[in-house]
Amino acid sequence: MDKSDHSIHQHEFQITFCDDESGLCCHKHHYKGKTSVDLNHRHYLYGKTSSAPSECNHVHRYKGTTTFDDGHVHHFGGVTSTAIPLPNGGHYHRIDGKTTVNGKVPHSHYYYGKTK
Numbered sequence: 001m002d003k004s005d006h007s008i009h010q011h012e013f014q015i016t017f018c019d020d021e022s023g024l025c026c027h028k029h030h031y032k033g034k035t036s037v038d039l040n041h042r043h044y045l046y047g048k049t050s051s052a053p054s055e056c057n058h059v060h061r062y063k064g065t066t067t068f069d070d071g072h073v074h075h076f077g078g079v080t081s082t083a084i085p086l087p088n089g090g091h092y093h094r095i096d097g098k099t100t101v102n103g104k105v106p107h108s109h110y111y112y113g114k115t116k
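Residue 1 is where the sequence shown starts when you use my numbering, and the numbers rise one by one after that.
Any given hint could turn out to be false.
Pairs of lysine-lysine residues, derived as DSBU-like cross-links and limited to a Cα-Cα distance of at most 35 Å, are as follows [said to hold, decoys possible]: (1) K114 x K98; (2) K104 x K32; (3) K48 x K114; (4) K114 x K32; (5) K28 x K48; (6) K63 x K32; (7) K32 x K48; (8) K28 x K116.
By construction, these hints were calculated from the structure, which means they are not laboratory data. If you're wondering where the values come from, they're calculated on a predicted model, not measured in any experiment.
Given the sequences, and given the hints that come with them, work out the whole structure.
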């Protein structure tokens, strides 16, 4: 195959950035969730996602620290699910993942929640 042949295939994509100067219609969500019960305790999560364009198929980044329970916290972060439509025309996103390891007896938790 001739390496100069660029007709093999092509991909088109669009990158959109959201910031105060972009002029795009962007939004954030508050989220809340809870962890699995491990070693007889659980933690709760609260926070706000990063900005994302107000388009049909989008995601948000999120990161945070759990509540202080059983003498310690855990850190978490990830990317939300794509937008899930609501009957009123709005949408929400799901979050889930695994926390960092911490605690007197080192352990992690699985977590889940959703945005508002």
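Taking the hints in turn, this is what the structure says about them:
no.	hint	verdict
1	K114 x K98	15 Å, holds
2	K104 x K32	25 Å, holds
3	K48 x K114	11 Å, holds
4	K114 x K32	6 Å, holds
5	K28 x K48	7 Å, holds
6	K63 x K32	12 Å, holds
7	K32 x K48	9 Å, holds
8	K28 x K116	10 Å, holds
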